[in-house]
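Peer 1: Use the sequences and the hints to build the structure in full.
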Amino acid sequence: MRFRMTTLSLAGAAMMTVAATICGPLLPGTAAAQSGDADWEKEPYIIRDGKVDYGTYNGFRRYHSSCHVCHGPDAMGSSYAPALKDSMKNLTYSEFLEVVVNGRQARNGGQDSVMPAFAEAEDVMLYIDHIYAYLKARSDDKVGRGRPERLEPEEDPVFKEWKANQ
Amino acid sequence: MQRFRLLGALTAVALTASSAALANDELLKMQENASDWVMPLGNYSSTRYSELDQINKENVGDLQVAWTFSTGVLRGHEGGPLVIGDVMYIHTPFPNKVFALDLKDNGRIIWKYEPRQDPNVIPVMCCDTVNRGVAYGDGTIFLHQADTTLVALDAATGEVKWSKKNGDPGKGETGTMAPMVAGDKVIIGISGGEFGIQGHLTAYNMSDGSIAWRGYSQGPDDMLLVDPEQTTHLGEPIGTDSSLKTWEGDQWKLGGGATWGWLSYDPELNLVYYGSGNPGTWNPVQRPGDNRWSMTIFARDLDTGMTKWLYQMTPHDEWDYDGVNEMILADLEIDGQQRKTLVHFDRNGFGYTMDRETGELLVAEKYDPAVNWATHVDMETGRPEVVAQYSTHQNGADVNSEGICPAALGSKDQQPAAYSPKTGLFYVPTNHVCMDYEPFEVSYTAGQPFVGATLSMYPAPGGDHLGNFIAWDATKGEIVWSKEEPFSVWSGALATAGDVVFYGTLEGYLKAVDTMSGEELYSFKTPSGIIGNVNTFEHDGKQYVAVLSGIGGWAGIGLAAGLTESTEGLGAVGAYQSLANYTNLGGQLTVFAVPN
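Line order of the protein sequences matches chains A and B.
Counted the way my numbering counts, the first sequence spans residues 277 to 442.
Counted the way my numbering counts, the second sequence spans residues 99 to 694.
Hints are all accurate, no fakes.
Just so you have them, the derived chain A footprint on chain B, three or more residues with Cβ under 8 angstroms:
no.	region
1	215 to 224
2	535 to 544
Simulated coverage check for chain A against chain B, where a stretch passes if three residues somewhere in it have a Cβ under 8 angstroms from a Cβ of chain B:
no.	region
3	328 to 341
4	344 to 357
5	390 to 399
These are computed hints drawn from the structure, not numbers from a lab.
C-beta: ideal position from N, C-alpha, C; glycine also.
Peer 2: Shown next, in the form of structure tokens:
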């Protein structure tokens, strides 16, 4: 419950786009606590022997629940939304958060493209750092297509911290 | 004076009654005229069969493009053209343009309709911004726009006669399906199964757009429009609160059961047939119970909306096997007995043959040998025998169930099949795709996706093709022939008296095959992948075949990127090449003919 409140207030703050950069460390259950914010934003995942931490794994799941109907399986894009596997190479964490929270509209060549605002979607906002970690791992070519294998819980600091916060 | 007034009143009554009957008669007659193509599925029985035989097995190889037309829209183009006399009507995905094209002048634009819609509806449309077509009745073209506006357009001028709002996009309710005109009513369903909507079918009075009736897919009996004593499920009265008893608390309010497929109508029985979609959230653990009446075939009275019978194919769905695919009405001989049947190729991989008068289940067999989630359908109870290994509920939330066939796309999605009374066979475009499925907890927020599962899809084991085009014997439940396709066949089929059956492919080919053998007789690559439905018509003594190209839809999500390779244990699969290497976006109509 504590977790939910943190994130919802975060969503409100990010809507005004001022607090976006301080969001990462506020979220419990991410790798942010293990390292500095800048380091986390650059590499928000832990991968050992091809196995990913809980955050990256959960990001894979949540992405494929809420995002993939437009952005395609494994962040490969669709016939009407960009491949985040590519666009995440050019987005900072705060820019990413800004788009997810507020949505985005674009008109190109007479074709409207609309990304909805997810500020009020718990299934997205509660796990936004996990989704970020997964997409970052995809765009860094650290995670391939399909379901990533998970680190054993006892070897996974992200999972341990996540569990402690539930 | 007194007498005159009375006479006037009588005439008025007679006129109202007869104009209702007229609209019905008009379409009943028009559907018999093979020169026209008056409704999306060809006729009220949804057979997608044409008596035209000028283009036939012998000469179809000489088919050439007669003329083309760009819709100017890039997204997925489902559905197909209508042809009435000298005019063709085509529609587009969002922004939902409608064009009336002059067949006397190679498709000159007679009128164009383009509504202004709030673009915020775009992201609440699952799987692209498709639209499956318009309906004609009484000099009017009816369109269900993305934002759920049902609009009546003057067929001659394109002017708006009336428009009504059928739902609320703010809650994720959208419009994708083609309406159907029957009697004095225009009937339409609602999309939004991935947003926790409460599905319904609504009949509007054609004259002014007032609501005649609305029947929901789940809820209390008065919302369902059922009679606990009279409405039957496999011959048994359904009893009171048949839906409420199968949901926990008020979960039925987010129960899904979207009604986004096709409509059929039997004028003699006066029944409208259609199916309902997946129950709300793809996580079955979160919604215990049978979740009635999602995944259900409905037979409703056209005049009152009252349900005569229904049949739930997939109780407590655990795989997203929407029950919305077309209901084909055919009269077939089964076990030596002539029956009025309804034939339905469900997403769950079973081909059902039912008695459309009584709702009796006659045949339920797999129409893709890959189907493995259930061993068979119990013909007494109508329930599928679910295989525990593939039960995403029994395996539980946060567990990845592997190797389930078919994938959520279904062995077949909405792309309608064809039935030829000449061969007695059904021609079915299918998907040959399997999946891993992991459900997990989700919460409901109005207007936000309410999915709660992640899945990956890949070709069925033992091959690397993703689709088959098959001929099916619905009296026995057997595949007669099957033709492999590299990608899912996502285009509606057309069978003709010329002994050919047409369909489109995701790479963009329009193909013609022999109705008896499946042998390919013709193929032509159109500019974009085909997810539209093929039709045929005759103009000025010449037969034409027409189809919309324009890759997109659900196929455009999964397949534009290419599917993931098969997971270990399912057999090695060759390198899978992405559809993006074969085709690109672009809405275009292509009209074919055999040169003189």
